[in-house]
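Starting from the structure of chain A, add chain B where the hints point.
2 protein chains.
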Amino acid sequence: MGIEKRNVASTYCELHCVHGTWGTRETSGAGAVAHIQLEGFSHLSEEDIRELERICGPEDVLCSGPLLEDYSHDEMLRVRGVPEAVVFPETTGEVSSILRYASARKIAVTPRGSGTGLCGGAVPVFGGIVLCTTKMNKIIEIDRENLTATVEPGVLLLTLHETVEKLGFLYAPDPGEKTATIGGNINTNAGGMRAIKYGVTRDNVRGLEVVLPSGEILELGGKHAKNSTGYSLMNAFIGSEGTLGVVTRAVLKLLPLPRRTLSLLVPFDSLGEAIRAVPKVLSTGILPQSIEFAERNVIFAAERYLGKKFPHTGAPSYLLIRVDGNSVGEVTSMMEAIGDACLEAGAIDVLIADTQERQKAIWDARGAFLAAIKSGNQVDECDVVVPRDRIAELVEYTKIVSERTGVRIESFGHAGDGNLHIYVIRDSIPDDEWEKRLEKAMDLLYEKGEELGGLVSGEHGIGYAKRKYMLKNLSPGEIAIMRKMKAIFDPQGILNPGKVV
Amino acid sequence: MGIEKRNVASTYCELHCVHGTWGTRETSGAGAVAHIQLEGFSHLSEEDIRELERICGPEDVLCSGPLLEDYSHDEMLRVRGVPEAVVFPETTGEVSSILRYASARKIAVTPRGSGTGLCGGAVPVFGGIVLCTTKMNKIIEIDRENLTATVEPGVLLLTLHETVEKLGFLYAPDPGEKTATIGGNINTNAGGMRAIKYGVTRDNVRGLEVVLPSGEILELGGKHAKNSTGYSLMNAFIGSEGTLGVVTRAVLKLLPLPRRTLSLLVPFDSLGEAIRAVPKVLSTGILPQSIEFAERNVIFAAERYLGKKFPHTGAPSYLLIRVDGNSVGEVTSMMEAIGDACLEAGAIDVLIADTQERQKAIWDARGAFLAAIKSGNQVDECDVVVPRDRIAELVEYTKIVSERTGVRIESFGHAGDGNLHIYVIRDSIPDDEWEKRLEKAMDLLYEKGEELGGLVSGEHGIGYAKRKYMLKNLSPGEIAIMRKMKAIFDPQGILNPGKVV
Numbered sequence: 001m002g003i004e005k006r007n008v009a010s011t012y013c014e015l016h017c018v019h020g021t022w023g024t025r026e027t028s029g030a031g032a033v034a035h036i037q038l039e040g041f042s043h044l045s046e047e048d049i050r051e052l053e054r055i056c057g058p059e060d061v062l063c064s065g066p067l068l069e070d071y072s073h074d075e076m077l078r079v080r081g082v083p084e085a086v087v088f089p090e091t092t093g094e095v096s097s098i099l100r101y102a103s104a105r106k107i108a109v110t111p112r113g114s115g116t117g118l119c120g121g122a123v124p125v126f127g128g129i130v131l132c133t134t135k136m137n138k139i140i141e142i143d144r145e146n147l148t149a150t151v152e153p154g155v156l157l158l159t160l161h162e163t164v165e166k167l168g169f170l171y172a173p174d175p176g177e178k179t180a181t182i183g184g185n186i187n188t189n190a191g192g193m194r195a196i197k198y199g200v201t202r203d204n205v206r207g208l209e210v211v212l213p214s215g216e217i218l219e220l221g222g223k224h225a226k227n228s229t230g231y232s233l234m235n236a237f238i239g240s241e242g243t244l245g246v247v248t249r250a251v252l253k254l255l256p257l258p259r260r261t262l263s264l265l266v267p268f269d270s271l272g273e274a275i276r277a278v279p280k281v282l283s284t285g286i287l288p289q290s291i292e293f294a295e296r297n298v299i300f301a302a303e304r305y306l307g308k309k310f311p312h313t314g315a316p317s318y319l320l321i322r323v324d325g326n327s328v329g330e331v332t333s334m335m336e337a338i339g340d341a342c343l344e345a346g347a348i349d350v351l352i353a354d355t356q357e358r359q360k361a362i363w364d365a366r367g368a369f370l371a372a373i374k375s376g377n378q379v380d381e382c383d384v385v386v387p388r389d390r391i392a393e394l395v396e397y398t399k400i401v402s403e404r405t406g407v408r409i410e411s412f413g414h415a416g417d418g419n420l421h422i423y424v425i426r427d428s429i430p431d432d433e434w435e436k437r438l439e440k441a442m443d444l445l446y447e448k449g450e451e452l453g454g455l456v457s458g459e460h461g462i463g464y465a466k467r468k469y470m471l472k473n474l475s476p477g478e479i480a481i482m483r484k485m486k487a488i489f490d491p492q493g494i495l496n497p498g499k500v501v
Numbered sequence: 001m002g003i004e005k006r007n008v009a010s011t012y013c014e015l016h017c018v019h020g021t022w023g024t025r026e027t028s029g030a031g032a033v034a035h036i037q038l039e040g041f042s043h044l045s046e047e048d049i050r051e052l053e054r055i056c057g058p059e060d061v062l063c064s065g066p067l068l069e070d071y072s073h074d075e076m077l078r079v080r081g082v083p084e085a086v087v088f089p090e091t092t093g094e095v096s097s098i099l100r101y102a103s104a105r106k107i108a109v110t111p112r113g114s115g116t117g118l119c120g121g122a123v124p125v126f127g128g129i130v131l132c133t134t135k136m137n138k139i140i141e142i143d144r145e146n147l148t149a150t151v152e153p154g155v156l157l158l159t160l161h162e163t164v165e166k167l168g169f170l171y172a173p174d175p176g177e178k179t180a181t182i183g184g185n186i187n188t189n190a191g192g193m194r195a196i197k198y199g200v201t202r203d204n205v206r207g208l209e210v211v212l213p214s215g216e217i218l219e220l221g222g223k224h225a226k227n228s229t230g231y232s233l234m235n236a237f238i239g240s241e242g243t244l245g246v247v248t249r250a251v252l253k254l255l256p257l258p259r260r261t262l263s264l265l266v267p268f269d270s271l272g273e274a275i276r277a278v279p280k281v282l283s284t285g286i287l288p289q290s291i292e293f294a295e296r297n298v299i300f301a302a303e304r305y306l307g308k309k310f311p312h313t314g315a316p317s318y319l320l321i322r323v324d325g326n327s328v329g330e331v332t333s334m335m336e337a338i339g340d341a342c343l344e345a346g347a348i349d350v351l352i353a354d355t356q357e358r359q360k361a362i363w364d365a366r367g368a369f370l371a372a373i374k375s376g377n378q379v380d381e382c383d384v385v386v387p388r389d390r391i392a393e394l395v396e397y398t399k400i401v402s403e404r405t406g407v408r409i410e411s412f413g414h415a416g417d418g419n420l421h422i423y424v425i426r427d428s429i430p431d432d433e434w435e436k437r438l439e440k441a442m443d444l445l446y447e448k449g450e451e452l453g454g455l456v457s458g459e460h461g462i463g464y465a466k467r468k469y470m471l472k473n474l475s476p477g478e479i480a481i482m483r484k485m486k487a488i489f490d491p492q493g494i495l496n497p498g499k500v501v
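Protein chains in written order, with full-length UniProt numbering: chain A, 1 to 501; chain B, 1 to 501.
Same shape as in the complex, but just chain A:
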């Protein structure tokens, strides 16, 4: 086991360091003064590596070789930082020991699941240890009476979905990225396509076991459906992107699996018309499971990527709608009411997918949108969320940004909940020109999002890449409080340094 690749922390944040200023940061104002040390982390010595091996077993510590590179970026590839060691703990006790040791030695620790994030949240921009939860991947219990699943953080979303569905249950959150871990979903408060009816990850977590940087283990919430016992620390961890503690176990809410689903593919003459149909759909009094939108270009990309034909590509824009219920009669009457509402709102047609195959064709394509857009190209993403009635305006504005900056922009997303995924695409733009145009495009998009009452992130988080925009989007008072919260849980700032606040 060599250690020659360990002292590489100096390679951090090659692309994005312009967005942050490092150093000792002091948050002041009324109340506890919070000192968060943002540098001065120790590099890993041979002794440190031996201690990590002692804690986890040598097979669960990676500190050299080409595999290390896999843990130096996430899915978006834009933020980079090479870890000095990657550890794969298998128990809460091991996580606690790692964190206690890292605290004592002041080593940066970056928690990571599958690394499917898009904002650099799991990238070790200060080097140090990557704490990867992929070996904590057991579904511990499915409790049929309390309708809960107790899981380790490394369980993949697709594994959880398959497991509980076989038993007649639904775990409601349904982000497009099914190879993400549940721990990652909790840390970003992932939303997904079923949020309009069933809420986001936050609404579907009942309890968490969390390890603090000190090594202390907290049990928060449990199998209870209600809780008014003191401040909700559990909710502080959800969406905190691994900056406050490491989630080592979660109790998730299950629902009875709806027996029937039915999907509608609704073509429109323009995206504006499609999006303006959404309130009309909701005014039927029916809450669909999902209402997604897409333009033809994105659908073509998905067809190419999957090598499969989409059921309809003759229109410029589409709504993809899915309803669920317990009987054919129930979903049929939902479908009829929604179909009528769409036609009244100007839809060209309403196509019904009532077989498993036809539904699969639609939702497989939807699931492939991101991969299709990224395929063979460099992109960056804006995950802004606006009030539902402002989406059309924002999507129309992306065309203006595209013209003004000379970059291609594609978008798709959750028409039902106001969360857009806007992709700025490089194509063949040369290096320096690309960075300049990308920054300009992002600045314009986030500015417009804010003007429309939006927030920087609907479901992908802030991570490293979106800090600049969050600092602009939220009030200084709010940011100051967040920094003080960080200092409560992680006074030395060793946990996922450089992220969020």
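Be careful, since some hints might not be right.
With a cut-off of at most 20 angstroms between alpha-carbon atoms, the simulated EDC-like pairs for lysine to aspartate or glutamate come out as follows [claimed, not checked]:
1. A/Lys197 / B/Asp203
2. A/Lys280 / B/Glu165
3. B/Lys472 / A/Glu219
4. B/Lys197 / A/Asp203
5. A/Lys197 / B/Glu145
6. B/Lys280 / A/Glu141
Hints were generated in silico from the structure; no laboratory data involved.
Quick look at chain B alone, frame taken from chain A:
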């Protein structure tokens, strides 16, 4: 306007001060050291009163006369503390000015809505100012496109329900106490009867405007259905019982109003059987809007209290179940499946209430349970929440506690979500004996709740009266973090002192 009744802070906490020890409290451990001053509050001078009158207008400041007594207790009457002044701000600006002034003068401020709490959360145990939100009672906007209601904190739950239902929407949280304010519901994270299907207040709040003790105004969240932009400060305020800030505006989630509801009244031979039927009901794959349980004694009390006959009183125990949907066919098929499940689980019969009148008879009685038990009697309450499958055990244990302590105990509550309301009833027990037996009974009940994996409060909060039990129930680490959170938002400890942590 006299001021002779102002210096009465010495009358605070007559009954419960044994549970708390006051003084300067220092939370230590890793991280920021949090100093929360718990005494040394200033009494109100004539000049202070004049300043409050200048801020709110003299008609909105009450500082003498018999009305002051109304603000010295809540619905439970057990915790008492007379305010030196009650102010009724009408704008966020006024709230901000009051808090800024109180901070500068170090005057205790206790936020209050309708005072329907049961744990002393809104009782000014340190005297000072009661900040009553009842004049901030406007429904500012119903947004049909974004499915949100924007309201001031003093709006009553019943007003909100009526207003949105007329427009075809549902505000889902449905606590029994309909004269509570929305601000109070947010501060206790109230749950209610529809939580099993629609979640608790936390799940139905999209955005908050909050004023900190410093006077600073924060806007948190908004009309967005998703938000992964930094730590969720909004969730820190929900359930914080007015100890971190004053909620001055809320954006609430609306749902399309289900067009049909149907209620079932299901008699059982024993409460154990009734409660053990709940998982069988849920295994039908149908999520009812509500599953409540009650014993005959409580129903008799409600009949006497309302002067109305309950549809059935021949059995010892009942489940009250309500389903909702959009068509007669849908709710009928739900009812049939649930009815069959109840009969299989040993129900004596299944009575269907399909008219508005019959449904009203059941749910009016359910709504009157608490008032009926309290009527002409002294009681104290235990609002424990346990995993749904442990309720039967806890209810059976209440009989043992009743025998061991010689006090009458009645319970009813939310069979669907594990939240029990257990009432210890005084009847004709003499003063000193009552306090002794009550304390013994409460200790036993909370101990058992904890043994069953329960938490101290499901939906009524901790307030003043339940602090002792929360401090036992949660880990020292969790409590230490909560105290540090309190110090971030309220470093001087002027806001609702003596409550929660």
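Quick rundown of the hints versus the structure:
1. Between lysine 197 of chain A and aspartate 203 of chain B, the direct Cα distance comes to roughly 12 angstroms. Compliance with the 20 angstroms bound is thereby established for this hinted pair.
2. Taking the CA atoms of lysine 280 of chain A and glutamate 165 of chain B, the gap is near 18 angstroms; set against the 20 angstroms cutoff, the hint holds.
3. Distance restraint check for lysine 472 of chain B and glutamate 219 of chain A: the Cα-Cα separation of roughly 14 angstroms lies within the 20 angstroms cut-off, and the hinted pair is therefore satisfied.
4. Between lysine 197 of chain B and aspartate 203 of chain A the CA atoms are separated by roughly 12 angstroms; this keeps the pair inside 20 angstroms, and the hint holds.
5. Pair hint lysine 197 of chain A plus glutamate 145 of chain B holds up; C-alpha atoms about 15 angstroms apart against a cutoff of 20 angstroms.
6. Our distance criterion of 20 angstroms between C-alpha atoms is met by lysine 280 of chain B and glutamate 141 of chain A, whose separation comes to about 19 angstroms.
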